[in-house]
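Q: Take a look at the letters that make up each chain.
There are 2 protein chains.
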Amino acid sequence: MQKQTLNVTGMSCGHCQASVEGALKGLDGVSAVEVDLNSGKVEVTYDESKVSLENMKEAVEDQGYDVA
Amino acid sequence: MQKQTLNVTGMSCGHCQASVEGALKGLDGVSAVEVDLNSGKVEVTYDESKVSLENMKEAVEDQGYDVA
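Note that the protein sequences, when read in sequence, are chains A and B. Residues in the first sequence are numbered consecutively from 1, following the UniProt record's numbering. Residues in the second sequence are numbered consecutively from 1, following the UniProt record's numbering.
Treat the hints as calculated values from the structure; they're not laboratory data. Values in this document were obtained by computation on a predicted structure and should not be read as measured data. We put the CB at the ideal spot given by N, CA and C, even for glycine. Watch out, some of these pointers could steer you wrong.
What the hints assert, rightly or not - Label pairs and their calculated CB-CB ranges:
(1) S52/A to D36/B: 39 to 45 Å
(2) G64/B to G64/A: 16 to 22 Å
(3) E21/A to G22/B: 17 to 23 Å
(4) K57/A to K25/B: 31 to 37 Å
(5) L37/B to D28/A: 33 to 39 Å
(6) L53/B to L53/A: 49 to 55 Å
(7) A32/B to Q4/A: 41 to 47 Å
Stated by the list, open to error - If you want the ones that stay clear, here's a sample from chain A, every Cβ over 10 Å from chain B, calculated:
(8) T5
(9) E21
(10) N38
(11) G40
(12) E43
(13) T45
(14) S49
(15) L53
(16) E61
(17) D62
Bound-form chain A, shown alone (with noise of 0.2 Å):
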């Protein structure tokens, strides 16, 4: 298992919140994620070997808001 914080730009709301907590944890090899939503800091716990960063960034900007 691996931890990584990814700083996504655009959430406004608890609606964009769940947006991108739904994206990532949908996603096979994504374990948990702590989103917050102030600082656009989100946590994600994945398993390597099934998921990539770059996966995860897909996720999120298919959703509409930037990866930085």
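Starting from the known structure of chain A, fit chain B onto it as the hints suggest.
A: Same frame as chain A, now just chain B:
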């Protein structure tokens, strides 16, 4: 048919807009809803024999927004 503009505060993004629109469109008697996210103005077209302004305010407030 009647038209009324509600002043809704707290909508911060497209998800918020969708929540408010969905809640109002879900009311029997509401035929059209137009949300301006920037101003918070929500124009509702409705049949006043089926739905009251009070019903509409409650629907918006139930989504977590305030109606001025």
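Q: Run every hint past the structure and note whether it holds.
A: Consistency of the hints with the structure:
1. S52/A to D36/B: 39 to 45 Å: holds, 40 Å
2. G64/B to G64/A: 16 to 22 Å: holds, 21 Å
3. E21/A to G22/B: 17 to 23 Å: holds, 20 Å
4. K57/A to K25/B: 31 to 37 Å: holds, 34 Å
5. L37/B to D28/A: 33 to 39 Å: holds, 35 Å
6. L53/B to L53/A: 49 to 55 Å: holds, 50 Å
7. A32/B to Q4/A: 41 to 47 Å: holds, 45 Å
8. T5: Holds, because the least Cβ-Cβ distance between T5/A and chain B comes to about 23 Å, which exceeds 10 Å.
9. E21: Holds, because the least Cβ-Cβ distance between E21/A and chain B comes to about 13 Å, which exceeds 10 Å.
10. N38: holds, 13 Å
11. G40: Holds, because the least Cβ-Cβ distance between G40/A and chain B comes to about 14 Å, which exceeds 10 Å.
12. E43: Answer for E43/A: holds, closest chain B Cβ roughly 22 Å.
13. T45: holds, 25 Å
14. S49: S49/A is indeed farther than 10 Å from all Cβ atoms of chain B, at 33 Å.
15. L53: Check passes; 25 Å lies beyond 10 Å.
16. E61: holds, 16 Å
17. D62: The assertion about D62/A holds, with a minimum of 15 Å to chain B.
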